[in-house]
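Number of protein chains: 2
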Amino acid sequence: MTDSYEPTERTVPTRSRHRASYDRALVHAILDESYVCHLGFVRDGAPVVLPTLYGRIGDRLYVHGSTGSRPLRMAGSGTEAPGLPVCLTVTHVDGLVLARSAFHHSINYRSVVVHGTAHQVTDPEELRIALDALVDHVVPGRSRDSRPANAKELAATAVLRLDLDEVSAKLRTGGPNDEPEDLTLPHWTGVVPVARTYGTPIPADDLDPAVALPGYLPAG
Amino acid sequence: MTDSYEPTERTVPTRSRHRASYDRALVHAILDESYVCHLGFVRDGAPVVLPTLYGRIGDRLYVHGSTGSRPLRMAGSGTEAPGLPVCLTVTHVDGLVLARSAFHHSINYRSVVVHGTAHQVTDPEELRIALDALVDHVVPGRSRDSRPANAKELAATAVLRLDLDEVSAKLRTGGPNDEPEDLTLPHWTGVVPVARTYGTPIPADDLDPAVALPGYLPAG
Chain C
1 MTDSYEPTER TVPTRSRHRA SYDRALVHAI LDESYVCHLG FVRDGAPVVL PTLYGRIGDR
61 LYVHGSTGSR PLRMAGSGTE APGLPVCLTV THVDGLVLAR SAFHHSINYR SVVVHGTAHQ
121 VTDPEELRIA LDALVDHVVP GRSRDSRPAN AKELAATAVL RLDLDEVSAK LRTGGPNDEP
181 EDLTLPHWTG VVPVARTYGT PIPADDLDPA VALPGYLPAG
Chain H
1 MTDSYEPTER TVPTRSRHRA SYDRALVHAI LDESYVCHLG FVRDGAPVVL PTLYGRIGDR
61 LYVHGSTGSR PLRMAGSGTE APGLPVCLTV THVDGLVLAR SAFHHSINYR SVVVHGTAHQ
121 VTDPEELRIA LDALVDHVVP GRSRDSRPAN AKELAATAVL RLDLDEVSAK LRTGGPNDEP
181 EDLTLPHWTG VVPVARTYGT PIPADDLDPA VALPGYLPAG
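Chains as they are written, first to last, in my numbering: chain C, 1 to 220; chain H, 1 to 220.
Next comes chain C alone, as it looks inside the complex:
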């Protein structure tokens, strides 16, 4: 495995090429910091974009669905199924960039765009591993502290696999890039940091009070 993904015609942006990266570790880090992606596919010739949970094992992404959902049905099942062409995108917003000019306003962000063909996971052992990865991607360590899926649940769950092959990251960092002639304008300029934060866990109404908050959750 090399340290970088090979750029392709689809993963080289038409604009701001200096913000693109193919570094494997960076792509993995961006993917691992979230658990909701936006999955795009084509249905009757038109684009569809749906938010979906995902997990990662090495260079494989697993996307969660039910056997009745549209992308899952479109991907087909069995080793002979052609799969579903998808584009999977994950984006973190890191800051609001306020320049002195409206034109130079921007967002600091990190995103990953994956192109490829998603296939339904049919191997029972791979499905089990993928489901654990999906749960642990949201809360690391949680799969070992919950009841595993039973046969009925496994039959109702479908998972798509998407290999990380044609993939790129794109980032913007730093402060505003104002024009030299704007530097004396009286407007405040800088960056407002943005982050995803976690609040104090709220126990379910029917939770036995004797069950302590597990160590893998934020104490709040």
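The reader is advised that the hints may include incorrect statements.
[As the list claims (entries may be wrong)] What follows is a set of in silico ranges between Cβ atoms, one per label pair, in the way DEER data are often shown: (1) 150/C with 73/H: 46 to 56 Å; (2) 94/H with 122/C: 46 to 56 Å; (3) 60/H with 57/C: 35 to 45 Å.
[As the list claims (entries may be wrong)] To spell it out: a stretch of chain C is covered by chain H in this simulated footprint if at least three of its residues, at any positions, have a beta carbon under 8 Å from a beta carbon of chain H; those stretches are: (4) 103 to 110; (5) 192 to 201.
To be clear, the hints were calculated from the coordinates, so they are not data collected in a lab. These figures come from a predicted structure and were not determined experimentally. Even glycine gets a Cβ: it sits at the ideal position worked out from N, Cα and C.
Assemble the complex: chain C is given as a structure, and chain H must be docked to it using the hints.
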């Protein structure tokens, strides 16, 4: 204007229909709480999903781009251009839902999915209003406190308009839905709240210290 969008075959989900809503005020509220959408379109028969800034004026969304970007070029310009079929999706993650069973793990979220055809804004007055809306969608009030775009900048900026017509919201709220036979399992169960938060604004290195933090920004 009615209070709800008309459901269509594309906006009625195949699963979890009870989570879908067509309420106009709810859709607007979800859209107004963010400024980054995921815009899907079809290129050479394959889906593409890119994160993009947007703003809203009534039932019109404006999506930011440059004249050189792929979706903008594909939409074409001029009143005769056919436009670009798109799917625009906005998602908020509100909580991690930890059930006693792996199967019932979920996410509390609010999302909006818009289907339609995006057209490039060519009217100069509409373009000016749209650019203000884009800036004010990120930081309300900011467009009046920055230098407006000049002719050169306007020529380099392109904005797509997408009417809110075929649109739906989808939400999950509340706690886990465990199976009755799982209620005595020893696993912690509940919701971990998730929110987007803003940090203390970081002034640009070249900001005149005499310029105070404006009231429309968080003091941190």
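When I compare C-beta atoms, does the stretch 192 to 201 of chain C have three or more residues closer than 8 Å to chain H? It holds, with 10 qualifying residues against the three required.
Is the hinted range of 46 to 56 Å satisfied by the C-beta distance from residue 150/C to residue 73/H? holds, 51 Å
Quick check on a hinted range of 35 to 45 Å for residue 60/H and residue 57/C, using CB atoms only. holds, 42 Å
Holds or violated: 46 to 56 Å for the Cβ distance of residue 94/H and residue 122/C? Violated: the Cβ-Cβ distance is about 33 Å, outside 46 to 56 Å.
Tell me whether the statement that chain H covers the stretch 103 to 110 of chain C is true, taking a Cβ distance below 8 Å and needing three residues at minimum. With 4 residues closer than 8 Å to chain H, the stretch 103 to 110 of chain C meets the three-residue bar; holds.
The structure shown violates just one earlier hint, number 2.
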